[in-house]
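Novice: What follows is each chain in one-letter form.
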Amino acid sequence: MSPTPSLREDAARLLREGRVKLVIGYRAHAGGGQGPAVPEGACRAPLAGGGGRRPAFIEEAHRAGELVFDGACSQNLAAYLKKPEVRARMPLAIVASEAVGRSLVSLAAESQFAQGALLALAFRGERYEGVKEVEELAALAREAAPEPRRDPDIGRRLAELAAWPAQRRAEWWSARFSRCTRCYACRAACPGCYCQRCVTERNVPQWVSTAALGHGNYAWNMIRAFHQAGRCTLCGACASACPQGLPLMLLNTFLAAQAAEQFDVEAGLDPAAKPLIGTWDPEDDNSFFT
Amino acid sequence: MSRLGVFVCHCGENIGRTVDCAAVAAAAARFPGVVHSVDYKYMCSDPGQSMIKKAIADLKLTGVVVAACSPRMHERTFRSAAAQAGLNPYLLEMANVREHCSWVHADRAAATAKAVELVRLMVEKTRRDRALRPVRVPVEPTAMVVGGGIAGIQAALDIAAGGKKVVLVESGPSIGGHMARLSETFPTLDCSQCILTPRMVEAASHPNIRLMTYAEVAAVEGFVGNFEVTVRRKARFVDPDKCTGCGDCWNRCPQKRIPSEFDAGLGARRAIYVPFPQAVPNKPVIDAERCTMLKQGKCGLCAKVCPRGAVDFKDRDRLEKVKVGAVVLATGFELWDHASYGEYGGGRLADVIDGFAFERLASASGPTGGAIKRPSDGAEPKTVVFIQCCGSRDEKKGLPYCSKICCMYTAKHAMLYRHKVHDGEATVFYMDIRATGKGYEEFVRRAIDNDGARYVRGRVSRVYRRQDGRLVVKGADTLAGRPVTVLADMVVLADAVRPRRGSERLAQLFGVGYDQHGFYSEAHPKLRPVETAAAGVFLAGACQAPKDIPDAVAQASAAAAKTLGLFSQPQLEREPVIARVNRNLCSHCRSCVHTCPYGAVKDFEVKDRAGSVLKVVAEVNEGLCQGCGTCVAVCRSHCIDLDGFTDEQIHAQIAALEAA
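As they're listed, the protein sequences go chains A and B. All the letters of the first sequence, read from the start, carry residue numbers 462 to 751 under the working numbering. All the letters of the second sequence, read from the start, carry residue numbers 903 to 1562 under the working numbering.
These are computed hints drawn from the structure, not numbers from a lab. One thing to keep in mind: the hints can contain errors.
[Claimed, not checked] Pairs of lysine-lysine residues, derived as DSS-like cross-links and limited to a Cα-Cα distance of at most 27 Å, are as follows:
#, chain 1, residue 1, chain 2, residue 2
1, B, 1322, B, 1376
2, A, 543, B, 1223
3, B, 1509, A, 482
4, A, 482, B, 1216
5, A, 593, B, 1517
6, B, 1144, B, 1200
7, B, 1509, A, 544
8, B, 1223, B, 1066
9, B, 1216, A, 735
10, A, 544, B, 1517
11, B, 1144, B, 1206
12, B, 1504, A, 544
13, A, 543, B, 1517
14, B, 1206, B, 1216
15, A, 735, B, 1197
16, A, 543, B, 1504
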């Protein structure tokens, strides 16, 4: 826990000086045990072992000493920015691993917090980098990942799936999705799922059936994946939250790769990025029109 | 509870031949919410419309479905009938059982079944229709005309004559366009400048017209009735208010050998120049690329000799915002670069020239004073070959379309040449002669019969220079079925007409469509040839398609009529098919803001009574929104809906189809 002293000092200073009202970070969990498992395909370090970690919400400078950071801090804290009670405490600071940092940059691009409303206590690996504005966080992310990071195992499994006939692939996914209980833990864990009303909860008209069955399950999981296309930073929070162990990172990685290959879009690196779905350029490839 | 009326039209035989209209009406009578269902031979006829009106009044209908043709055709007709009967017109919908059904199917039973389904869908939609009111937006009664050629001048003059203000934006130093460069004009051979310059002067002196020459459109904001156009006024380096156009500066400028664009490179101009003597305004500009003072800080002679101190080397481009209610695009054309036809030697052989170069040779104000002299040595060419369709009607190497004006101007060129060089021979190679205007065929016949132009039907394969300097034109006479070789002193290529370079950028600024060649797209090729897909933006002249002067002028007047029509009311009524954001549900991801092709979605701050911002959401500007629905499609939480085409309506239609 070598980096933590200056993390604690910075957090205490920001709170003391009134620059932030809240610091979101990690604390050691008294009960011990493991944090959420890191799923295959997530672009962050696997658990380094050790004790459990829980989110910490610190509003008083004297409590900053509770903060810890190490490889076990795998939960994506950016998801808390969805909560109204957290948003009401802006400006705030958030302890940002590389994965959290990219989520924050992605959220900044979608104007989910005002400029200056959020500071990051940024880490690169386990090295503390100091207090960063969003632009600096983006620069850090670009520096840390000059090339898109993709899990090679996921890549191989995607290639296998791609080689199958479409029918077999659809059946394979149907079988996976049939296990979905529609608990929406994936949505709760995902920083990008911040819609005030999710499309699946729309009932007039109801486009997506909410029953945890066949078509509704298929539609829900596919729609969620497509809603993340060009936005997902591959943090893996959804897959590690899924109690049924659905291979959600296959979908996320596939769409991220498509976004990168076809449109040169890599989420979480540019706070001024325009949305992939919904922007167009006269120079876009139009060859698919016949 | 809905009380709907369904009216099935036979459209004479158009629908009735393939669809059993009576059966459709009978089936529709059983749909939920339908209280009245009939069929009739011509619903759009007066008795047909009266049936609808009477049913609305007598049966207190809450909605109407007319199963007939496309809504583009008659929606307006039926909606105004509904309005006359006291029903909100947006509670009337059309089921297209003609274009979408009878015209595309042969099997009567299947087509009838499909028509029933189409009516079922519209019944479901109409049950969920809400009364809408037209959107009203104020109008700024000033027009902008972009392009100061004959089309732009005509449009500006007509709008000004109608009593409205016009801003005429021209990218060059003078208005006049290509027409100012022509010697004579077909089919009457009147002097081009003689008929054009009075118009130029009138445009410059008209109290309702403001000229902005040497200026370009840099940015466009706003919408029909309320555009805000940012115009880049390029640095002239000469203060037009001080300058009297005396000419001392350009006569003394030491840069004497700059090829004149106006003279197609055959003549020269100075670095400080007016493009031609009748230029409007007759105020020079300095070509910053050629002026040694601006490039190296040496010379400054023009500033020294100017009696008014009008030369200002510190002048810079300026941006000016102009508010206008309508825009006429009249950006014109340019000639296709014949260098791509290497075998004709254009751009390589000095005596192979384009049509504009020939115009300047034949023009009394041209570099030769109207004497036909070939560029290489100034000798009078005794044989001239004119090659038509250079780049036109050539899908392989050129452009697939016909450039329309070349048949006529080539006949004119041959005629002018024979008038000036009595012992000269004029040979024209052509594919077909397309002379379809008033007096055009007679004009071409005159060139052939009276002026002795020799017309050879066939393509030229190659033009090359012999050692003695003469040009060898090798081609085929496809009527005689044999190869032909003609020795020529000069060759004139009738290069294809194409839109001006950069016209696509302008189209994108205004949200106007354009085809694969860059010609601007009209809203409808037959019935709305002057309008564009962007409301309040009209087209005039060759920016839309190759056009001769009469066509360009006619279209310019049409565009002016459209503009004046728009300005005739203080407020505009727009179709209320617009997107709406549910503020309670919007998460402000701004996808819609980025995606809107009309810039109609903006941030909106929701405030409490004390004025502090509670949250920021997206909001649709009713005047800008064109109802395209793109924002609806990108909104992940479906918190945007389109009036008249709500999610609920579309879902109900799909569900009805599934249930059937």
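Novice: Taking each numbered hint in turn, which are not upheld by the structure, reported in ascending numerical order?
Specialist: Result: hints 2, 4, 9, 15 break, sorted rising.
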